[in-house]
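Engineer: Here are the chains, one letter per residue:
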Amino acid sequence: MRSTIYSKALFALAALLVFIWLIPVIWVALTSIKPTAIINSSVPVFFDFPPTLDHYIEVFDRFRFGRAMLNSFITVGVSTVIVMIVALPAAYAVARMNLMHGDTWALVILSLRFMPGMVIVLPYFKMATFFNVIDTQIVLIVVYVAFGLPFAVWILRGFLLDLPKEIEEAARLDGLSWLQIIFRLIMPMAAPGIAVTAIFTFVFSWNEFLFALFLTFDKGSTMPVALQKTIDLYNVLWGSLSAGAVLQLLPMILVVFLLQKHIARGLALGAVK
Amino acid sequence: MAGPSGWFFHNLSLVARQRAVAYLLLAPAVIILLLLAIYPLFYAGVLSFRVDPLYNPNVARFIGWRNFSDLFEDERFWASIRLTLVWAFVVVGAQMILGFFLAVLLDSTVRGIGLLRSLIIIPVFVSPIAMGLNWRFIFEPVSGLANWILSDGLGLEKYSWLSHVDTALTTLMIVDCWQWIPFVALILLAGMQSISPEIIEAARLDRIRGIRFYTKIVLPLIRPVIMVVILIRLVDEIRMFDLNFIMTGGGPGSSTLLASTYDYTIFKHGHLGLMAAYGFLILILINAVVAVFLNTLYRSEKAARRENLN
Amino acid sequence: MKYSDKDIHAYDNAVRSIEHEKKGEFTRRKMLKASAATLGATLAAQFVPSTVYGDVSGTIVHFAASGKRLSNTLTAVKPLFDKVFPNVKLEVVSKPVTEALTQINTYMGSKSSAFDVVTQDHAQFAALQAMGALTDLGPFLKGHEAWLADYEEDVPEMYRDMWNIPKGPAPPGFIAGLAPDGNAMMTFYRKDVFDKAGLKPPKTWTEVLEVAKEIHDPAREQYAYCAAMARNFWAGYQYYGALVSWGGHTFVDEPGGDFTPAHSTEEGYQALHHLVELQKYAHPVTANAGEDEVNRVFGNGTAMFSPLSWGTAVLNDASYTDHYRDWNMAVSPKGSLPNSDHRALTGGFGFFLPTWGGNKETAFAWSKFMNSGDREDIGGSPLIADAIVGAGGQLSRLSTLKRWSDRKPFFNGLMESFPVCVNSSPIVPEAYAIMGAVGEEVADAVNGEKSVEAALKACDKRVHRLMEDGGYYS
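Protein chains in written order, with the working numbering: chain F, 5 to 277; chain E, 672 to 981; chain B, 57 to 530.
Take these hints with a grain of salt, some might be off.
As the list claims (entries may be wrong) - Here are some, though not all, of the chain E residues that point toward chain B, as calculated from beta-carbon distances under 10 Å:
#, residue
1, Asp741
2, Leu742
3, Pro923
4, Ser925
What the hints assert, rightly or not - Pair by pair, the computed Cβ-Cβ distance ranges are:
#, chain 1, residue 1, chain 2, residue 2, range
5, F, Asp107, B, His329, 50 to 60 Å
6, B, Ser455, E, Trp749, 51 to 61 Å
7, E, Leu705, F, Val82, 51 to 61 Å
Hints were generated in silico from the structure; no laboratory data involved.
It should be emphasised that the depicted structure is a prediction, and the values quoted were computed from it without experimental measurement.
Note that CB positions come from ideal geometry on N, CA and C, so glycine has one too.
So that you can see chain F by itself, here it is in the shape it has in the complex (with noise of 0.2 Å):
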């Protein structure tokens, strides 16, 4: 009783805090819907505004938003899967298997992270334009892939890690493939593990912007190239790009409240004992 009553009132105190967290965003998302003058007053207006879909209209209109929404989808959603695929062996034949100098090739893959992004984008330009693959959506999955790679393979050798050894000793007792072992073994194992990676490998591509710079124009640019161009010299355009920045942010909430259930989903896997 006394932890029904405790564990409710934690459970407010946590909604209470992340309606705190997210003021700056949903203040981002009020400034989508107000007039140009409004938002330049000199004192913070919340809701004694008329609302006004301007700013969308302007951000599809003279940003061309639903190009670059389309760009962004296909660049990055390509780009995860291909991840997920290549990465998932790899962390496991590092983290599972008694690979010598396992963990030094896990680092090397990380290492190629670490390098910071401007270094490389140059050289990445030059063979873009070699290729003439410039402004394409290809040559973004490309660089899209490289980038998320490491990441994914580091954070999903963490919690393969985790999983415990016998699972493997008795599943091979049984005769299973490795690949069989990985795909219906472990991988609904570590769903919670998966399903964070595939987020986060997601979000860093949805949000990459100095790489969609170099490579693309208009035709191939992602929305977070559009939305740097409502940043004029003289002038922010405030309305336009929050208005920009709920539209990039709406199918990233889609996409969280989908997988997230898979992060849930461990205490329920006690059968497999």
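Following the hints, complete the assembly by docking chains E and B onto the known chain F.
Structural biologist: Coordinates of chains E and B only, in the frame set by chain F:
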């Protein structure tokens, strides 16, 4: 094959076979990365020994170690390295501790907790460009939301946030933690949710609850996940760029000039060689930090794992 | 197209209220609010070109940064151009303005043939020349003498000159760029606040400090002064704007001379010293502000003036600020040393044809069209300037500036400043790097992290190294 020697050979080839399969599984990742990393590293390496202005390609030439010696003599360079290290450790420490508490808070089975989890992760996702600029707007010292809350809401004095050399760095730290604590929390939470139900049941039977349950039971069990997160966050915070550049660009003055931002301004001014040199130094720095981190903490993880196996 | 007083009055009312205008009538408000493309299309509907060049065909790609003065104006004028050259396909591509400068340099440095026309900041033209990216427009202008004469009469020589390459091996009269756009640093001030305090816009830097002291009232959240002191080219411009008004130069005995940096001089000291002194009366954001932030605090009424600001016309825009009627502009102040004078730091965006681009004749035809004035007899039209201003741009021709000055007081400021204008950056490829380096030191000084003398010494040292690398001292 019968007899002890036959069984030994059978096992040996099993291990070797396992290793072969492991390499095979690893191969795609490594190949992709090597292909996409070799040329940039080589290119940047060569570039760091040249002066190669973006605005005047005619004067590009080899100058040996001059870029590096320039950096080492530059007071701002050392200040930025110091600042970056302080930044990384303070911020990662704060995120790990507070992230853990947030994970505990969200580790619940009350209905609706899933919604909360999905919502709290939003700060991680929001476009750094849009959010960074809006934070600048919020922290505007005269008309911003933050000061409005302070003065009109709580009756306190208005704070200078990003507009003064003494307060800008702290403000940046707050925003960075705001963005990444949920990330840490979510990963730790996933780790917590992977704990074998038997252990949880055992703890319940032993009447270990509340904060002791989390610190004494959960924390050691999710140790690998914690190490992973610390490493990732440490590396990312040393490379911190987006929020820093958008919100302050290194200013006011040089009070928030972190390494990557400094490197980027060097790039924007067209000094490609110097930028590459600095980039390599940052790379070395990260590798050093990672090496130290792994050496001290990782050894104990290996010991703990060995303990688990026995 | 003249607008009567009645129109202007109706415009004001329409802007202040949120009711919709009468259907079908293309009022000022609609014009200034419409997206560039629809604006252009509507103007094109009224456009009847005197000559149509149907036999010219091809594709031309124009790269410009995204923004009101940049790609937006192109998109607005394009439908007009399409009517004159119906078989030419004009593509406007853009990247965010914060990155565009570097992008253009990257592309031109790689000898890219991706663009046929590029809009670039004037300060980059020396760098473009160093890359060999500029095409001499002289040959293309042959046969268009009447047009050229009109252009040279309407755009002040000192301003126009910034796009003619004066140094180096290029032949005299090398016109590298045509500029439909212009800007100048000037004094921005709130006329209502000044009138109330009985003040006139300051003419000298001493007066600037006096005026600032007078109207500074932090208790009422009325800060006297705000300027862009972000630690990059913004702060660099502040310093150079002040420097030239005191009679100083970037290099000793500029132009010509041996490129010795000249920041640690009396002029340099006075310039930076006054800027540092002004911080006492500064709005807090000044410490790290870009011009966008300065405009915002001007717009929301918490800062009252700036002796040196690029500003643009946004402060005269009713949808941007409630004080759109109160912001006035005047020529920037001067120093009090012997060589001091009113000198307006000037810059702008011009078109050039990359060496490696294609369709040069057609690309030139488009550049010429956009730079044409009101005169229809030489291929121009008043609708061109209307489209540019409607899309948020500013003009370089005195005649069109005058025509629009009743609705945009900012244009009055431009008309006053262009005749006394000074190039805002030294005419060397290293210009942008110099601006950035100096800006960093100035920002440090303004924020109290360095003394004025130390900052100026650091400027000299860094500029010296830049020029040394460029081979200027061998």
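Engineer: Does each hint fit the structure? Answer for all of them.
Structural biologist: So, going through the hints one by one against the coordinates:
1. Asp741: holds (8 Å)
2. Leu742: violated (13 Å)
3. Pro923: Holds, about 4 Å.
4. Ser925: Holds - the Cβ of serine 925/E comes within 10 Å of chain B, reaching about 6 Å at its closest.
5. Asp107/F <-> His329/B: 50 to 60 Å: The hint (50 to 60 Å, Cβ to Cβ) holds, given that aspartate 107/F and histidine 329/B are roughly 59 Å apart.
6. Ser455/B <-> Trp749/E: 51 to 61 Å: At roughly 56 Å between Cβ atoms, tryptophan 749/E and serine 455/B fall inside 51 to 61 Å, so the hint holds.
7. Leu705/E <-> Val82/F: 51 to 61 Å: violated (21 Å)
Taken one by one, the earlier hints fail for this structure at numbers 2, 7, listed in ascending order.
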